[in-house]
Amino acid sequence: MEIVLASAQFDLRVALEILLREEPGTTVVGTASGAASLRALLQVSRPALVLLDWDLPGHPPASLVAEAKSLDPHVQVIVLGKDPDVKHAVLASGADAFFVKGDSPRPLLTAIRQARARRAAVERQIPTETKGA
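Taking the working numbering, the leading residue of the sequence shown gets 28, the next gets one more, and so forth.
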């Protein structure tokens, strides 16, 4: 599963890359430190999953979730945030899940594994000629 990481926090991006490097079936296809670089990555890489920091600078994060979903309705977006009180707003924006930065990575890894399984199921249903279109 191709994943894009988007966070202005260098340490968070590196930690997620290291975590995902050990996760079978996942590949980080790009990292973004702001909204503009995330948009460019979404256009080029068409990832199956976006790990989005809710505090990403440059554009309201809810619109970035909507933009990712408009490019690929099957893309899954997992949001990381520092404030658990934004969970409702995150999920209302169309994100698939929300996790608090700094919490144990186990639930996040579980969500990524579930996302990978959902993506595999979707890909089995999409006719081959329409994939990547």
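Derived by calculation from the structure, the hints in this document are not laboratory data.
A virtual CB, placed ideally from N, CA and C, is assigned to each residue, including glycine.
Just to be clear, a hint being listed does not mean it is correct.
To be verified - Quick list of the computed label-pair ranges, beta carbon to beta carbon: (1) Val127 with Glu49: 18 to 24 angstroms; (2) Val71 with Ala93: 14 to 20 angstroms; (3) Ala67 with Asp112: 28 to 34 angstroms; (4) Arg151 with Lys109: 34 to 40 angstroms; (5) Asp112 with Gln36: 28 to 34 angstroms; (6) Val149 with Glu50: 29 to 35 angstroms; (7) Gln152 with Val41: 19 to 25 angstroms; (8) Ala67 with Phe37: 24 to 30 angstroms; (9) Gly121 with Ala35: 30 to 36 angstroms; (10) Asp130 with Phe37: 25 to 31 angstroms; (11) Ala147 with Asp38: 14 to 20 angstroms; (12) Thr137 with Gln70: 17 to 23 angstroms.
Unchecked claim - BS3-like cross-link-like pairs, simulated, lysine-lysine; straight-line CA separation at most 25 angstroms: (13) Lys128 with Lys114; (14) Lys128 with Lys109; (15) Lys109 with Lys96; (16) Lys96 with Lys114.
Tell me if the straight-line CA distance from Lys96 to Lys114 falls inside 25 angstroms.
Measuring from Cα to Cα gives roughly 18 angstroms; hence the hint holds.
Checking one constraint from the list: CA of Lys128 to CA of Lys114, max 25 angstroms. Satisfied?
holds (12 angstroms)
Does the Cβ pair Ala147, Asp38 satisfy 14 to 20 angstroms?
violated (31 angstroms)
Given the hinted pair Lys109 and Lys96, is their Cα-Cα distance within 25 angstroms?
holds (23 angstroms)
Per the hint of 28 to 34 angstroms, is the separation of the Cβ atoms of Ala67 and Asp112 within bounds?
holds (31 angstroms)
Indicate whether the distance between the beta carbons of Val71 and Ala93 respects the range 14 to 20 angstroms.
holds (19 angstroms)
Using the beta carbons of Ala67 and Phe37, state whether their distance is inside 24 to 30 angstroms or not.
violated (18 angstroms)
Should the hint that Arg151 and Lys109 are 34 to 40 angstroms apart at their CB atoms be regarded as holding?
The hinted range 34 to 40 angstroms holds for Arg151 and Lys109, with Cβ atoms some 37 angstroms apart.
Return holds or violated for the Cβ distance of Val127 and Glu49 against the range 18 to 24 angstroms.
For Glu49 against Val127, whose Cβ atoms are near 22 angstroms apart, the range 18 to 24 angstroms holds.
Beta-carbon spacing of Val149 to Glu50 - inside the hinted bounds 29 to 35 angstroms or not
For Glu50 against Val149, whose Cβ atoms are near 19 angstroms apart, the range 29 to 35 angstroms is violated.
Is 30 to 36 angstroms a correct range for the gap between the Cβ atoms of Gly121 and Ala35?
violated (21 angstroms)
Determine whether the Cβ-Cβ distance between Asp130 and Phe37 falls within the hinted range of 25 to 31 angstroms.
violated (20 angstroms)
The earlier numbered hints that this structure contradicts are 5, 6, 7, 8, 9, 10, 11 and 12.
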